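Given the sequences, and given the hints that come with them, work out the whole structure.
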Amino acid sequence: MPKVDTDGDELEVNLTNNEIEQIKDELKRDPSITEWGMFDVMHSEHCSYKSSRPKLKLFEDAEKNYDYVLAGPGQDAGVIDIGDNYALAFRIESHNHPSAIEPYHGAATGIGGIIRDILCMGVRPIALLDPLRFGPLKDNPHSQWLFKYVVKGIADYGNCTGIPTIGGEVEFDKSFESNCLVNVACIGLGTIEDFKHAPSRANNPGDYIILMGGSTGRDGIHGVTFASRTLTEMSEADRPAVQIGDPFTKKLIIEATLEAIKTGYVRGLKDLGGGGLSCALSELTGDGGTGARVDMGKIFIREPGMNSFEVMLSESQERMAFIVQPEGLEEVLNVFRKYEMAHAVIGRTDDTQVLKVYDGDNLVVNLPATALSDAPTIPRKEKRPDYLDDLIAQKTPEQSKKLDDIIYELIASENICSKEWIYRQYDHEVGVRSVLKCGEGDSGVLRIIGTNKYISSSVGTNSKHCFLDPYNGSKGGMVEICGNVIANGARPKAMVNCCNFGNPEIPESFWYFAESVKGIADFCRELKIPIVGGNVSFYNEDEATKTAIKPAPVIMIVGIIEGEKNIVPLPFKDVGSDILLIGKTKAELGGSEYHSVIYHLEGGIPPLVNEKEIKLIWDFIFELYENNLVKSNHDINKGGFIIAIAEMCFKNNIGVNLDLNTIQEENLRDDELLFSESVGRFIVESSKSDYDKIMDLGRKYKISVKKIGITTKEPEIHINGLKTSNFTLNLKKMKRLYDSTIPNLMDK
Amino acid sequence: MSIKIAVIEFPASNCDLDALHVLNNVLNIEASLVWHNHFKEKDYDGVVLPGGFAFGDYLRAGIIAAHSPAIDEARIMLKDGRPILGICNGFQILTEAQFLPGALLRNESLKFVCKWVNLKVENNKTAFTNRLNVADVIDIPIAHGEGRYFTDQLKELIDNDQIVFRYTDEKGFITNDSNPNGSMDNIAGVCNLEGNCLGLMPHPERASEAIISPKGSTHGKLIFDSMIDFIKRRSK
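These protein sequences, in sequence, are chains A and B.
Quick note on numbering: the first sequence equals residues 1 to 748 in my numbering.
Quick note on numbering: the second sequence equals residues 749 to 984 in my numbering.
It is possible that some hints are incorrect.
[Unchecked claim] Just some of the chain B residues that point at chain A, by a computed CB distance under 8 Å: (1) ASP766; (2) GLY800; (3) PHE801; (4) GLY804; (5) LYS859; (6) PHE860; (7) LYS863; (8) PRO889; (9) ALA891; (10) PHE921; (11) GLU953; (12) ILE959; (13) ILE960; (14) GLY964; (15) ILE979; (16) ARG981.
Calculated directly from the structure, the hints in this document are not laboratory data.
Treat the numbers as computed from the prediction; the structure is a model and nothing was measured.
Cβ atoms here follow ideal geometry from the backbone N, Cα and C, with glycine treated the same way.
Shown next as structure tokens:
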């Protein structure tokens, strides 16, 4: 890394030589050591999106194109108007690198950060969701350690702050072994006025700048620079770059902040996350067109002897910056006093458009407010990896095991089995809003108390599909996560994403990113889903082993259900119902769990996505809902439709009698038929008497709707109509396998 | 008469708004959220210590809150027979303040656990169970990391009928499998000798409305209803 030197101090910076020269040119002088540190942080990939910004332009301007979008990309969180004077804020981001080094505090502070982002929008955080990725657990103590402590970190932090964790997703794959992915998502709810009250900028000269919350310490210095490099064997030495969380203080910050906003005197609000004070102050003033004069001596520090470099760059957790109207200063400070929260007036805004920080009489920072946020972009090369053709050409081997044994093996596999071990540790009910709780539906469903409106949300992606075809795989992730909220009765309203990829300086890694962004953008444009925010995590690559993670463009969808009666459950409800398969099953076993679990195969032809067909299926499903034709619904995901059916059987111990003759026209092998992961499909339970009506609607939308069986009293799954032999699965055995995999691995 | 209930808010209580919601909107009772330093007993007919992580559960769950001025105020209510309900963290505070016997230890699994359980009513002569019958089995969720009840006075508790709820299976049988945290004798809730102070680990405020109850039951509401009935009878 290049070194800069000022007044005899030498500093290693993560800047290119071009950037260094450009900074000197603009300032017409050499920056001070503190200023260099600030540029280093603000120009890091994590803060500046310098590699990703050119690609992210593909995401359309949601605020312009959708009238219900109140805040779009580039803000702390996306915000949408959901009617009845309510604003819904949501965001997802990564905390991968810290969690890979120190899983407990890494995950906990990830939760802390995402809560602050939502709080910044002036609304109360009401739910968390956590998509996680690790190496396989079996025979892997390192993966088990990461998994155990990431879950515990999320649980301890989320539970204490009183925000329920209502959903999540987890994938286990070798490529995540040393680079686990910890993505955290949060939803906030408030009135439209709450949201409008507290923009993340300082628009008015003469306002007070107040720092509130935890003290500023030496932890987390250069956390973002650390997140913008690959993990090396040196990373253990980076442990001081991982912050320590304090959920107790965070809970008080939430209450004090919301109460302070209610005074009406808070004019701007910003959390201190990556880049600490330097980032918060430059964004508040830069975006607001003001400047500020800050007295470093007023900042309460955790230990004596911290210099300006450390103070300005510290990423100590649990801090918020407030911009407060002078006439309301006392009232706001009284709120902080009530909660016994440390606070200090550290400066005032002015009209200079320059950010000045004084350490005593020394001017240690003197930068145009926008200088830090105007990081240049870097064009990156893209190249499709050479190995992909061979991978995609891989054929499914001749079926060597009996189908029933394969299904038992699949249902017990780490990626398919029950995730109850995780969500039992999360308080998923605090707030008394959780209507469909963890494990009860494809999505988490929350009520909005005092209305008949419900929020449905889900997160995830399929990294195995994305690895083989990032363009279609990312679209497939959209289909799957939208499918989750649709299955529970919600129209997808908006999305945010968290793109987890390898080193952008490597053309193959960057190609994966570029293709994924293109896939998501194309899909969202076609299906009219506004993209209201995103986060990019690059450098998820292990330098020691030269392995990058499988691409993980994680999607978060929120949808709205109008009316309690329109919430659709997952479990089969009645005996004697029709079981319908919606959508076509194709020979798409590439990247499937079947390939991976049974044959340890990564390749094959992954699912393609046809947006036109997906749109018709969605419209069809909503017409079924409008006519009350659906008893239960589950979207088909990993393992294929047979796994989805088993999951619907479990809760009410209802069996099924399947006759697959009706779906044989595609001439698929039995294993292709059962285990294909073709996207956009649903299993719907409906009344026998509604069969004709439903088939008519299917013809109207020109989509594939097939009755494949009926529900039965016997707790068994009978499968008839295959090319080879018919067989029967024991539900009790399936449930035991489904439930016991993770506890057996973790609680021994 | 208009009944006034205080829901005490300690720093990092987090089920305070939930209890308030149930009292205000489900039972239509005049309940208010009161910051722990501001609480004055004379203004209230009863008090709820809600769940959460008061003072971050730092040092030991409930111990710091047990030294809050709010507890000194509540002690006056305890003595004159007004009802005091401690839910989850509130129960931990009540044992630390020695309003109630015993202690809540780390769950046997060493993990936080959030799930719906069944409780059997063991004593319906308290201020909080007069709407229930002995041996009723109720649905209610738990969410705690430190809920393993322990006491060195088990015999006295049994003899004095101070055990109010036990964890059971759906049919009301006390089994090991139905004990979610390793509590002694499957104890989920205990009261003081007089029956005007109850602490329980499960969350009645999460079981008071059918929409958020997996089986559509509202058994938790009966605990609040009982408390209100008790206040009404007392005032006559």
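The hints, checked one at a time:
Residue-level restraint check for ASP766(B) holds (minimum Cβ-Cβ distance to chain A is 5 Å; threshold 8 Å). Evaluation of the GLY800(B) hint against chain A yields a held restraint, the C-beta minimum of about 6 Å falling below 8 Å. The restraint placing PHE801(B) at the interface with chain A holds, with a minimum CB-CB distance near 4 Å, inside the 8 Å limit. Among the interface hints, the one on GLY804(B) holds; its C-beta lies about 3 Å from the nearest C-beta in chain A, closer than the 8 Å criterion.
Here the hint on LYS859(B) is kept, as its CB sits about 5 Å from the closest CB of chain A, short of 8 Å. Interface hint at PHE860(B): satisfied, since its Cβ lies 5 Å from the closest Cβ of chain A, which is below the 8 Å cut-off. Using the Cβ-Cβ criterion of 8 Å, the hint placing LYS863(B) at the interface with chain A is satisfied: the shortest such distance is roughly 6 Å. Here the hint on PRO889(B) is kept, as its CB sits about 6 Å from the closest CB of chain A, short of 8 Å.
Look at ALA891(B): its Cβ gets to within about 4 Å of chain A, closer than 8 Å, so that hint holds up. Look at PHE921(B): its Cβ only gets to about 20 Å from chain A, farther than 8 Å, so that hint breaks. Interface hint status for GLU953(B): upheld, as the beta-carbon distance to the closest one in chain A is roughly 7 Å, under 8 Å. Checking ILE959(B) against chain A: minimum C-beta separation of about 6 Å stays under 8 Å; hint holds.
Annotation: interface hint on ILE960(B) holds; nearest CB of chain A at approximately 6 Å, less than 8 Å. Hint on GLY964(B) is violated. Least Cβ distance to chain A is approximately 12 Å, over the 8 Å limit. A least Cβ separation of about 23 Å between ILE979(B) and chain A goes past the 8 Å threshold, and the interface hint is therefore violated. With a least beta-carbon distance of about 28 Å to chain A, the hint placing ARG981(B) at the interface is violated under the 8 Å criterion.
Going down the numbered hints, you'll see the structure goes against 10, 14, 15, 16, while the others check out.
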